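Colleague: Below, each chain spelled out in residue letters.
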Amino acid sequence: MATARIDPTFVRLVSQRSGQVIAGCYACQKCTVGCPTAPNMDYAPDKVLKLVQLGWKEAVLRSSSIWLCATCDVCGKRCPNNINIAAVMDALKQMAVEGGYSGRERNIPAFHRSFLGSIQGWGRIHEATMLVLYKLRSRDLLADLDLGVKLIVKGKIPLLPRRIKGLRTVRKLFRL
Amino acid sequence: MRKIGVFVCHCGTNIAGVVNVPQVVEEAGKLPDVAYAVDYKYLCSEPGQKLIREAIAEKGLDGVVIAACSPRMHESTFRSATEEAGLNPYQCEIANIREQCSWVHQHEKDKATEKAALIIRSMVEKTKRNEPLEPIGIPLTKRALVIGAGIAGIQAALDIANGGYEVVLVERLPSIGGHMAQLAETFPTLDCSQCILTPKTVETGKHKKIKLLTYSEIEEVKGYVGNFDVKIRRKASYVDWSKCTGCGLCQEKCPQKVTSDFEGRLGTRKAIYTLSPQAVPNKPVLDRDNCRYFQTGKCQICAKLCPVGAVDYTQQDTIVEEKVGAIVVATGYDLFPKAKIGEYGYGEYADVIDGLQFERLLSASGPTAGEVRRPSDGKVPKEVVFVQCVGSRDPEKGMPYCSKICCMYTAKHAMLYKHKVPDGQAYVFYMDIRAGGKGYEEFVTRAMEEDHVLYLRGRVSRIFQDGDKLIVWGADTLSGKQVEIAADMVVLATAIVPSAGAKDLAQKLRISTDEFGFFNEAHPKLRPVESLTQGIYLVGAGQAPRDIPEAVAQASGAASKVQALFSGEKLVQEPTIAVVDAEVCAGCGICVGACPYEARILNPLRHIAQVNEALCQGCGACVVACPNKASQLRGLSSVQMMAMIDTLV
Chain A
1 MATARIDPTF
11 VRLVSQRSGQ
21 VIAGCYACQK
31 CTVGCPTAPN
41 MDYAPDKVLK
51 LVQLGWKEAV
61 LRSSSIWLCA
71 TCDVCGKRCP
81 NNINIAAVMD
91 ALKQMAVEGG
101 YSGRERNIPA
111 FHRSFLGSIQ
121 GWGRIHEATM
131 LVLYKLRSRD
141 LLADLDLGVK
151 LIVKGKIPLL
161 PRRIKGLRTV
171 RKLFRL
Chain B
177 MRKIGVFVCH
187 CGTNIAGVVN
197 VPQVVEEAGK
207 LPDVAYAVDY
217 KYLCSEPGQK
227 LIREAIAEKG
237 LDGVVIAACS
247 PRMHESTFRS
257 ATEEAGLNPY
267 QCEIANIREQ
277 CSWVHQHEKD
287 KATEKAALII
297 RSMVEKTKRN
307 EPLEPIGIPL
317 TKRALVIGAG
327 IAGIQAALDI
337 ANGGYEVVLV
347 ERLPSIGGHM
357 AQLAETFPTL
367 DCSQCILTPK
377 TVETGKHKKI
387 KLLTYSEIEE
397 VKGYVGNFDV
407 KIRRKASYVD
417 WSKCTGCGLC
427 QEKCPQKVTS
437 DFEGRLGTRK
447 AIYTLSPQAV
457 PNKPVLDRDN
467 CRYFQTGKCQ
477 ICAKLCPVGA
487 VDYTQQDTIV
497 EEKVGAIVVA
507 TGYDLFPKAK
517 IGEYGYGEYA
527 DVIDGLQFER
537 LLSASGPTAG
547 EVRRPSDGKV
557 PKEVVFVQCV
567 GSRDPEKGMP
577 YCSKICCMYT
587 AKHAMLYKHK
597 VPDGQAYVFY
607 MDIRAGGKGY
617 EEFVTRAMEE
627 DHVLYLRGRV
637 SRIFQDGDKL
647 IVWGADTLSG
657 KQVEIAADMV
667 VLATAIVPSA
677 GAKDLAQKLR
687 ISTDEFGFFN
697 EAHPKLRPVE
707 SLTQGIYLVG
717 AGQAPRDIPE
727 AVAQASGAAS
737 KVQALFSGEK
747 LVQEPTIAVV
757 DAEVCAGCGI
767 CVGACPYEAR
777 ILNPLRHIAQ
787 VNEALCQGCG
797 ACVVACPNKA
807 SQLRGLSSVQ
817 MMAMIDTLV
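Chains A and B, in that order, give the protein sequences. In this text, residue positions in the first sequence follow this note's numbering: the first is 1, and each later residue adds one. In this text, residue positions in the second sequence follow this note's numbering: the first is 177, and each later residue adds one.
Just chain A, same shape as in the assembly (with noise of 0.2 Å):
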């Protein structure tokens, strides 16, 4: 028999973490029906409020939802119990980052860390580098190319970047 032994513990540190109480949820569903990536997670949105009040961590952690969500927050206003999805699939995304966890979702973080290292070299994105950088960490060259292609042609991507005025408060950010 599969059975999988329960750790409370777990929803606690994501409720501090996200300022959710993630104990109110009572399985409506109606975070789910409303969400426009649920189609594609492998857990819906419900389900990952189930697991992690069943502390169920390397599932949640490792789970394609937390970072196929966009956090357009249609579930946290929808949610009866007020509780703001967005949020908690934020603080998982980054216990997940921090945990060094990872999952079948691999080009999303990395896509993301593409974006923030851009950001904080330059204080603005440079998408030629950017670029670089994530297909550097996807491992994924090829893709999408002839697109690039097409925007460089019509100078939509610079191809040396340009710094920002306030950039050292930009790094600051980044430290905090």
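Where hints are given, some of them may not hold.
What the hints assert, rightly or not - Here are the simulated DSS-like pairs of lysine-lysine, each with C-alpha atoms no more than 25 Å apart in a straight line: (1) B/Lys701 - B/Lys737; (2) B/Lys555 - B/Lys433; (3) B/Lys398 - B/Lys411; (4) B/Lys480 - B/Lys419; (5) B/Lys645 - A/Lys57; (6) B/Lys594 - A/Lys57; (7) B/Lys558 - A/Lys57; (8) B/Lys411 - B/Lys684; (9) B/Lys407 - B/Lys684.
Hints in this document: simulated from the structure, not taken from any laboratory. Keep in mind that this is a model prediction, so the values were computed, not measured.
Chain A is fixed; fit chain B onto it per the hints.
Modeller: Frame of chain A; chain B shown alone:
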């Protein structure tokens, strides 16, 4: 010649849509003895009744036939209209041309019209032979008996007594309070159970109008509404309560410890004992089966130490006879025994306990003085699993019904556990949360959100011991996973079943029970606190699973019914019951056996049958049984019956 009026109702199109009413009226008007015939759209309306009243007065009618719906619907309406017009109400008869004619012959209008006319003619024949009747007055004993002194019985007794009537309150246990006295705190407000109960038990114990008979059971009930004769067995307590001061020395010094049922078998009491420190009455009883003196002939410590010499080993059971007019049955519930649940260990694991046992572990006056310690080794459990619907909603175990209170008390248990063991974790396995009640849903939410009780939707398939842990295998149907919890203690919310002896008592009282043994109410919606036997009322969990507020509300409802019953000088009974013609009766006694209401006896002096007017329901079984036709029904004699049949065939 009689002057009978025939009134034909259209009932909108219910009758007039099928039956040709004008034709029926015309035919009725031609009948001999019919002085007046008329139709109206709705006779039951106020103008319709006015029409009847005015016709009686103006035409000088001495009998009325209303051709309308079933007499079950409006017989009383039309009889009172007749009475208001100055005519004896039993001169009014109903010819049912709706349920027995228009509704069942919708596609045969001509035949329906013919049948309606025939039904009216037969009722005219009956009415011609009607005699005026007067309601019967039955003497009434204005005292009530309340059986069972849990919160429902106590409330009913107090309300009736405060209404000014005497109450005999009978309780099987040595003191009153029932299961509520065992509870730690109560949902959804978490008041301490004893704190809200003891003012009522004390008031009951001291009330001048309440005669408290504890440690007593109902032996026999005879009689009928207004006049019950009850025999009550007072079990020998071996303590003369008139001398006893309740000092408690006997139970302090008694050397014999006994496992206590009141403590859920988790604690002990002495062989001479009271149930709790707040017991009402605060007088001990001696448990003969466990007393050293009774078993070995040596000891007598209690008798030697009693400062007032109240211990009396020679006491015998006594039978108390009481005469009462109404009975309130408040026998309450038991929990389905966990020994009957194999998959949860047949009650063999010490740390798998039921809800009432957990109440004792939470209670300050309980065996652990309010500390949550598990029964096996006294350790404070760090992980506790609560399982709802154990036996309830389980047709296989014979209880398809919802026990109603478990969702709430489990939330309370989990919450109180967390208050006592803040670093512990509580889990609840549930099927649905049924928290219908004021503040109930919020209470359950509070357990989840504030006390971090983890609710798992699914049933537990198995519980087994592994070292000093109890392994609980269950399902979480919301995540679709099977789960396993290594728990230190498991609390089962076992099903509510009627208390032991309820079925036996139902037989003594001649009231019916449902297939599970709960008492049947007279009507599930409109007469919820009455039994089908007149003068016997049902309150509390003996009728169906109930929580405290419902039991109290029911008790007050029944008490007001009893007071309404007691408000008249005599009980009024319909006069349409059986009579025996003393001249014709041969005293054969066949009718005594035929009567389903025990309303018939043979007069031992005159050797003829006699009708008990209070019990007779006018069913007519005796009329059929009597070989001499000495038994007759008032208002429906054999002569009337034959006249009606002659008309119809």
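Colleague: Need the status of pair B/Lys594, A/Lys57: alpha-carbon distance at most 25 Å?
Modeller: 24 Å, holds
Colleague: Can you confirm whether the C-alpha distance between B/Lys407 and B/Lys684 stays at or below 25 Å?
Modeller: Roughly 11 Å separates the two Cα atoms, so the pair holds.
Colleague: Next pair to validate is B/Lys645 with A/Lys57; report whether the Cα-Cα distance is within 25 Å.
Modeller: 24 Å, holds
Colleague: Checking one constraint from the list: CA of B/Lys555 to CA of B/Lys433, max 25 Å. Satisfied?
Modeller: 23 Å, holds
Colleague: Is the straight-line distance between the alpha-carbon of B/Lys701 and that of B/Lys737 25 Å or less?
Modeller: 16 Å, holds
Colleague: Given the hint that B/Lys411 pairs with B/Lys684, does the C-alpha gap stay at or below 25 Å?
Modeller: 18 Å, holds
Colleague: Are the Cα atoms of B/Lys558 and A/Lys57 separated by 25 Å or less?
Modeller: 21 Å, holds
Colleague: Between the alpha carbons of B/Lys480 and B/Lys419, is the straight-line distance 25 Å or under?
Modeller: Given that 25 Å is the threshold and the Cα spacing comes to 15 Å, the pair holds.
Colleague: Hint check: B/Lys398 vs B/Lys411, CA-CA at most 25 Å. Holds or violated?
Modeller: 21 Å, holds
Of the numbered hints stated above, none is contradicted by the structure.
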